[in-house]
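Novice: Here's the letter readout for the chains.
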Amino acid sequence: MLARIASTLYWTGRYIERSEHLARYLRVQYFSMLDAPMSQSKDFILKSILNMYGSDFEEGGKLVESEVLRRVGMDYEVPTSIRSTVKAARENAGSVRHVISTELWEAINSFYLYSDRMDPNDFAVRGLYDFTFEVGRQCAIIRSRIHDTLLHDHSWVFVKLGIHLERVAQVIRIINSKLHDADVISDSGGPNENKVLKLYQQTVLLKVVEGFDMHRRAYQRRQTRRTTLEFLVGHPEFSRSITYNLERVLGLLARLHGREDAREPVQYRAGKLYSYFRYLDYEELCDHPIETLNAALTEVYSLHDDIERMYFNPVSVSTPTQSQSQQQR
Amino acid sequence: MIQPSGLFTGYSVPEGTLDEVFSSFPHAYVDYPAIRKVFDELHAGDFQRLNESAKLSFLNQGITYAVYSEEGGGKEKIFPFDLFPRIIDRREWTLLEEGLRQRNDALNQFIGDVYGERKILKEGVVPEELVMSSNHYVPAMEHFRPRGDVYTHVCGTDLVRHTDGNFYVLEDNLRSPSGVSYVLSNREAMRRTLYSMFRHVPVEAVNEYPAMLLKTLQSVAPPREESARCVVLTPGPFNSAYYEHSLLARLMDCDLVEGPDLYVDEDTVWLKTISGRRRVDVIYRRIDDGFLDPEVFRPDSMLGVPGLMRAYAKGRVTIVNAPGTGIADDKAICAYVPDMIRFYLDQEPIIGNVPTYICSRPEDLKYTLEHLPELVVKPVDMSGGYGVMICDRLNQEELDELAEKIKADPRNFIAQPKIMLSTHSTYIEDQNRFAPRHIDLRTFTLIGADKTRILRGGLTRVALREGSLIVNSSQGGGSKDTWVIC
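Protein chains in written order, with our numbering: chain A, 751 to 1079; chain G, 14 to 499.
Since the hints were made in silico from the structure, they are not lab data. Just to be clear, a hint being listed does not mean it is correct.
As the list claims (entries may be wrong) - If the Cβ cut is set under 8 Å, some of the chain G residues that face chain A in the computed set are:
1) Asp274
2) Thr281
3) Lys285
4) Ile287
5) Gly289
What the hints assert, rightly or not - Not close to chain G: a few residues of chain A, all C-beta gaps over 12 Å, as computed:
6) Ala753
7) Glu841
8) Trp855
9) Glu856
10) Asn859
11) Ala874
12) His897
13) Phe1062
Glycine included, each C-beta is placed from N, C-alpha and C at the ideal position.
Kindly generate the complete structure, drawing on both the sequences and the hints.
Specialist: Quick look at the structure:
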């Protein structure tokens, strides 16, 4: 397979996955503002949203809600907006149109046409729920097209590799963003109010990754900071947990290489990262969660660099790279 | 003549125009009334729905072109597609096929001759000065013989039907003619929307084109023990014909590559894959000569492959079409094709030329300037309908200005009498009815080392503006499915 095609398939997977997480985060965060137990300031939520999207804002400045929503959702000038991400997914898919199925292409193309048709003013006033919900639905359709209409050959492996690696990165970013929110809360207000609000942040966090119900089943309704982190980082059967996805990444890399081989550099790094999370000391994680997860995120990005070196630039002439991440505070 | 009704209400053919559906002429297709009946039986609302559903089919398939928008989203439009098929009778087509074979054979020999012995120039049949002054002349091709002596593997010949009922050649496209993806998608859209029509008439299939093209490419591959690896070279997703490049690559099961996917080492072209390099044998390139190889052509080209011409000269790779074929599709050269046919094949041309006055010839220049208001003036090396002047629509001041331009650079212009392109029933959306619109026909001839293959069908382009003679998509043109009866 052509190296550029492999890279483009991989990025198609990454952008599809990214658009879904961005949309879901926006929806859950925004609506959490409406049914929070106590008045969470609107500014607080908007800042959290901007932080997740890696979009700059002045710490002391006043944020205008409709502008923030337009910026993260609709603005083509902002490369991390939902619309820009969908457009990037479609542009990548368009240039591998000849290797993917018609069904998959038409699903991605319809997704883009839907997102492009959305009226930005309408979005900021009343369309936010419908739009972000539809993004999730379209992504689900696209994932089923990937699963059901592609040969599960190397093309498929690269798309899936992009999806799982992006999911690891996004879940880490989401956890960090919400932990950061909880920290900000603890610095203000009285102790009782804080306790409720912090617990509420954990509920929001689980809802952002659509894991609230399954967390309850896994931990029999008991919810603490520790169970929340354990579930999102290490649950072996929850398909959005970090460990679950790293295990998939490892498997996909072994398929690309033809066999499991711990000495092969890309598999080595992926294996190490997987083992790190698999045997994670949660006491330690709970002490310094943000720092620990940030260090792990850097490792995830390095894994991407290794994949790029090994598969996308095999003949040492560089191909243009795409943006791996949003900036986050 | 059957009285039109329903969607054909108020249909009137302008005087002096030949309408392929309503006028009678020697090769007219006799069963058009049956097709019209299918439309007539439809309620106007039904037809609107069908039309919308055909449009949606193009939009979802992503067969669109981008229109600049300030928001940055890039509005996308589909090329207008008309649901009334253009039908060509079998006997007429057989004749056309012979004519296309003959014409493109002569053109291919002409290019070989120009880069080789130059017999035709030495004998004064075609003026040497006219050929040697072409911007498309490639010195690197001199004395080089491509595999199978084929230069123009893919030829797009544009034909128009005149009021006398006969087809004439309007121009030849011998660099990288595009449009075949519309032939394939138009047929697909017709099958999805008006499938019942195909029960009335036996139509030649067009979906074999990719297989025909692949066989043509394979026939000119350098001999090697392994089977030939053919690739399609595209400038990239932002090119307006990218959909076509991608479609052909997919249907031929070839890699669709961009310049940076290839490199040359030891005079061999290699493909960069995830598991190392693979040798490339045939490049069906859809980029212009100037961008092919920065070592030989434009040094600033990012689209091409450095060293490609070296590998080509050594016969290690075949480039399709060969570089330098543009010398023969210059509009001034077009006028000499009948003479080429007589010179190389000793035959009379089967398809005539639209008479052409070459302004670099003093007597033609004189005629052009004297008869300017009746003529159509075209720059010789522009395509896409750009720069075409239909002189009876110009005022005196504009005519004077044009005359000055021609006198200043006669080599750059040709003039032709205004040919009344035939019309065909075309659905006009904002009036919700059919009206006559001018059409032409682009045909596709493939020349391989083994044989010549001609696509039975082609792209009928429609000038959607009332009275307009310019059918190019960049100038407000649409297209129709073209049926050749088997």
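Novice: Next step is simple, just say for each hint if it's right about the structure.
Specialist: Verification of the hints:
1. A cut of 8 Å between beta carbons decides the hint on G/Asp274: the least distance to chain A is about 5 Å, and the hint holds.
2. At its closest, the beta carbon of G/Thr281 sits 14 Å from a beta carbon of chain A; the interface hint therefore is violated under the 8 Å criterion.
3. Annotation: interface hint on G/Lys285 holds; nearest CB of chain A at approximately 4 Å, less than 8 Å.
4. Below 8 Å, beta-carbon pairs count as interface contacts, and G/Ile287 has one with chain A at about 5 Å; its hint therefore holds.
5. The restraint placing G/Gly289 at the interface with chain A holds, with a minimum CB-CB distance near 6 Å, inside the 8 Å limit.
6. A/Ala753, annotated as away from the interface, has a beta carbon of chain G within 12 Å; the closest lies near 5 Å.
7. The beta carbon of A/Glu841 sits about 7 Å from the closest Cβ of chain G, which is not more than 12 Å, so the claim that it is off the interface is violated.
8. Not every C-beta of chain G lies more than 12 Å from that of A/Trp855, the closest at about 7 Å, which undercuts listing it as non-interface.
9. At roughly 5 Å from the closest C-beta of chain G, the C-beta of A/Glu856 falls inside 12 Å, breaking its exclusion from the interface.
10. At roughly 5 Å from the closest C-beta of chain G, the C-beta of A/Asn859 falls inside 12 Å, breaking its exclusion from the interface.
11. The Cβ of A/Ala874 lies farther than 12 Å from every Cβ of chain G, with a closest approach of about 15 Å, so its non-interface assignment holds.
12. Residue placement check: A/His897 keeps its beta carbon more than 12 Å from all beta carbons of chain G (closest about 21 Å).
13. Distance check for A/Phe1062 against chain G: the nearest CB is about 8 Å away, which does not clear 12 Å, and the non-interface claim fails.
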